[in-house]
Structure formats: C-alpha cells, structure tokens
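**Student:** Chain by chain, the residues:
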Amino acid sequence: MKVLVVTRSGKELIKGGLQLNDSATVADLQEAIHKRTRKYYPSRQRLTLPVQPGSKERPTVLHYQKSLSEYTKGSTSELTVVFKDLGPQVKYSTLFFFEYLGPLLLYPIFYYFPVYKYFGYKEERVIHPVQTYALYYWCFHYFKRIMETFFVHRFSHATSPISNVFRNCAYYWSFGAFIAYFVNHPLYTPVSDLQMKIGFGFGIVCQVANFYCHLLLRNLRSPSGNGGYQIPRGFLFNIVTCANYTTEIYQWLGFNIATQTVAGYVFMVVAAGIMTNWALGKHRRLKKLFDGKEGRPKYPRRWVILPPFL
Amino acid sequence: MAGILSLVRRIYLSFYNWIVFFGWFQVFYLAVKTLKESGHEHVYDAVEKPLLLAQTAAILEILHGLVGLVRSPVSATLPQISSRLYVMWGILWSFPELRSHILVSSLVISWSVTEIIRYSFFGTKEAFGSAPSWLLWLRYSTFLLLYPSGITSEVGLIYSALPYITESGKYSLRMPNKWNFSFDYYYAGLVALGIYVPGNPHMYGYMLGQRKKALSKSKKE
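Those protein sequences? They're chains A and B, same order as listed.
Counting in the working numbering, the first sequence tops out at residue 310, every number present.
Counting in the working numbering, the second sequence tops out at residue 1221, every number present.
Among the clues, some could well be false.
List of simulated lysine to aspartate or glutamate pairs, EDC-like, C-alpha gap at most 20 angstroms [claimed, not checked]:
| # | chain 1 | residue 1 | chain 2 | residue 2 |
| --- | --- | --- | --- | --- |
| 1 | A | K73 | A | E57 |
| 2 | A | K117 | B | D1184 |
| 3 | A | K2 | A | D28 |
| 4 | A | K15 | A | D28 |
| 5 | B | K1049 | B | E1097 |
| 6 | B | K1178 | A | E31 |
| 7 | A | K122 | B | D1184 |
| 8 | A | K91 | A | D22 |
| 9 | A | K15 | A | E31 |
Every beta carbon over 10 angstroms from chain B, so not counted as near; a handful from chain A, in silico [to be verified]:
| # | residue |
| --- | --- |
| 10 | M1 |
| 11 | N21 |
| 12 | Q30 |
| 13 | T76 |
| 14 | I162 |
| 15 | L187 |
| 16 | F200 |
No lab work stands behind these hints: they were computed from the structure.
Think of the CB as a built atom: it goes at the ideal place given N, C-alpha and C, for glycine as much as any other residue.
Make the full structure from the sequences, and use the hints.
**Tutor:** Here is the structure:
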C-alpha cells in the first residue's frame, strides 16, 4: 500500500510517499521513514491519523505493533499519516541513571568534605550518629533506584525527550544538595534516639515493601518489552492502584521523622504531588481500559495513591 | 443567564480598573508635587499610602486570571506582580534607610505612569467596549522606555538594600533550631537580582510580541 507522510503544516515529509507491503506494521513504516530521512529514528517519530480541520478530537496515535491495515479502515490501499518530530530521545534507563546519580554523589560530599567552611562556618564539627545513618539510608535508597532501573523495571517501549534529562536532573540534584546541606550542617540538631529509630525503621520497611511492589509490577509485563497494561494484583496493590508510589512516599516520611528537616519535608511533599499526578493518570487509564465490557475484566474499587485521602 | 454574568463581570472589572487607576493617579500626582516642592528624599513618605494600596490590590489580578475573568495568562502576571510586591514591601517598606534614595522617585514615576495608562486602557475597554487608538498606542508603547527605567530603579534599590539586610538580620532564620532550617534574606536578595538577568529580556520580549499583535490588529480594523 502507499503511505503518504505529511507534517502537521500539511507539507509532504517524504516526496511521493512510501510503498509498503499490505501486511506491514507501523514499526515497518517507522523504519522506512528513518531510512529516507536519516535524522528521524523511530522513537523520535510521532505518527497520527489526520483529523478534520477544526475538529476538537484528539488524533489517533499509531501504535508501533499494529498493522497498517488496521488504520486504513479496510477500504483504501492508501494511508495518510501525520508526522511530528519529538526531538532527540533518550532511553528511560539513561534518564533515570543520570537523575539518580546526582543525589548519590552529591549527598556524601556534604558529609565527608569540609564544604561548610565556604558558607562561613568553622571547620570543626561533631558528627551525630543520626547523620551517619542518614548518609547510609540516603545512599542506599538511590543505589537501590539505580539497580532497579537496570535490573527490575520493565519500561514500556517509550523513550523520553532529551530535554527531560536537564529538567529531571535539576529537580533531583537540587533537592539532593538542599537536603544534604541541612542534614550534614555543623549546627544540625538531632531528634531523640527513639524518634530516629522509629523513623529509619519505618523507612526501611517501606523501602523493602517498595521493592516488592516493583517486583510485582515487573511480572505484569513480559520480557519482550512490548509495554501494555494489566490490572496489578497482590500485596498492597489489592487496595491501592499505585502502591509503589505509596511506599515511596512513606519511605521518605520515615527518613524525615528520623532527620527532621524542613528541606526533607518540602521534598517529600513535592514528590508526593508529582507522584499523585502520575497515579491519577494511571488509575484513570486502568479504569478506562478495564471497563468490564466485551469480556474485559472490570477494574476493582481501589484507592489511587494515599489511603484514606485519595 | 450568561448575559447577566457577562454584564456583572464588566461592571466589576470597570470598577476595579478605575478605582486602581485613581490610586495610581494619586501616586503620580503626589510624587511630582513632592519632587517640585520638597525634593526626592520626601517622595516615598508622600506616596506611601496610595502606593502600598494600589500595588497590593494587583494581587486580585492573579485571581482574575486564575478564575478566567480575564485572558491574561497567570504565567505572565505572576512574575510581574511578585517582583513589584517584593520591591515594595520586601525592600522599600522594610528598610526605611532607602526611602530617601533618588531611585525611589524614578521607580514611583515609572510604575505610576505605566499603571495609569494600563488601568485607564482596561477601564475604558470594560466600560465602553473599546479603547481609543491613542490609548492603545500608549499602553503598548510607553513600556519601551518605562520598563528599562523601572527595572533599573528596582535593581538599584535591591542592590542598595543589601548592606542593610545583612546588618538588620531581618526575615532571616538562623541555625541551630529544632527544624534544622535556615533562610538568609541576603542570599534571597542575590537570587532575586539574578532572576532579573533572564527574567527581564523574557518579559520585555513578551511585551514586544503583545505590542506587535495589538497594533497590527488595530490597523486591520
């Protein structure tokens, strides 16, 4: 079949269009576009079906695994697709690695090196036990995240625009330095021994729970990496859709109970806000996908992210 | 129903714009009068009350944008109003040592002329449906001079305030404390100065774009 590839302004991206097998998939089309345009590798391409001008409908995005004939509505042997360049892309694992590396390396700098003299403080300082445990806890957390990125998480096929590397690293690295500055400060005031133990103890339990959640999520997807969504089940997922975010937030709560800094709490609130946004999207997507019609299971009644609030 | 709501909106906005216009007119009048009669050292004291009122009232404009009463995006109004409130309350009102500075006069004149034009423009539009082309021209052209003069005054005053900020320790929180938090208003001032560096080309560029849009639209009509 013949495929015409146009840009959103209507111009033909590939003069004369492309010739593909009738049985070709969207992935084949993306390969063909890449061959002709060199610059636009498949993960940079966003292909949609044209919408009527003035229509408020969201355009249908072509899914890379589907066959092209699914989009031609059967009758025609010619298909027009609209192309959008998503810009240079990076793998999610690359993005995560760099955003987590910052906190992992920056925090110990405030603990081990005499940085506070540059802020005008005397060099001598007493290191409280809680500050040492906080260092271990924090570094373990980000080490765990990096390990999960490479060995546990199964990402959907998607990549991320390279601009997100700068945005995400700014977020993680800035907050990392912000918290590290206060917890390792020469004038840091520790909480009681009991409060510290409760905080770190609770935090560790939540980190273990969080790891288990990640294992459960991993098993929902097959190793061939074709993404897709299933109803999560087991452990805390039976009561809350995004149990992985729940345990992550509570794990930060544990850290903050033990270290008690405004900076730590601010970070936790911001992170909870970001995760809540994602959780709402995921919860809605799952409810829409699993609507109970046409033999599909119905998504069960569950909390979104933070029982008993949401 | 929609017709009545739209009318209420128009009446409210007309009142709002003309009342604040009057406040800024007072500021301008008192500033010029004081400059002529007593000198720049006394300008702040003369304009303080209407200035604080008229500028603080602008917080309502953020609300107007948020609820959709006006079209201006919150992303443009919020930084503008924040910087005004910071300079006015956070610098001038908080540090009386600055009030006799000559930049106070240039600040107050720049702000008041801009606002007189802006509020009368919107007030006329809401009350009468449209504004005369000379007012449109003024609203989208005087910023070309008044933005730089206003910003120079703002930056100059923040910079002049720095030694007084350090000396007074105002608005700063020191460690040690139970919540392991500190805030240094001096560094916050440096950050504010830093924000002016990319912030102002951005705002100026935004206004230039608005000017192009507004003046070309009126040519077509």
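**Student:** All hints, please: hold or fail.
**Tutor:** We went through each hint and held it up to the structure:
no.	hint	result
1	K73(A) <-> E57(A)	holds (18 angstroms)
2	K117(A) <-> D1184(B)	holds (16 angstroms)
3	K2(A) <-> D28(A)	holds (13 angstroms)
4	K15(A) <-> D28(A)	holds (18 angstroms)
5	K1049(B) <-> E1097(B)	holds (18 angstroms)
6	K1178(B) <-> E31(A)	violated (60 angstroms)
7	K122(A) <-> D1184(B)	holds (18 angstroms)
8	K91(A) <-> D22(A)	violated (31 angstroms)
9	K15(A) <-> E31(A)	holds (16 angstroms)
10	M1	holds (44 angstroms)
11	N21	holds (48 angstroms)
12	Q30	holds (35 angstroms)
13	T76	holds (42 angstroms)
14	I162	holds (21 angstroms)
15	L187	violated (4 angstroms)
16	F200	holds (16 angstroms)
The earlier numbered hints that this structure contradicts are 6, 8, 15.
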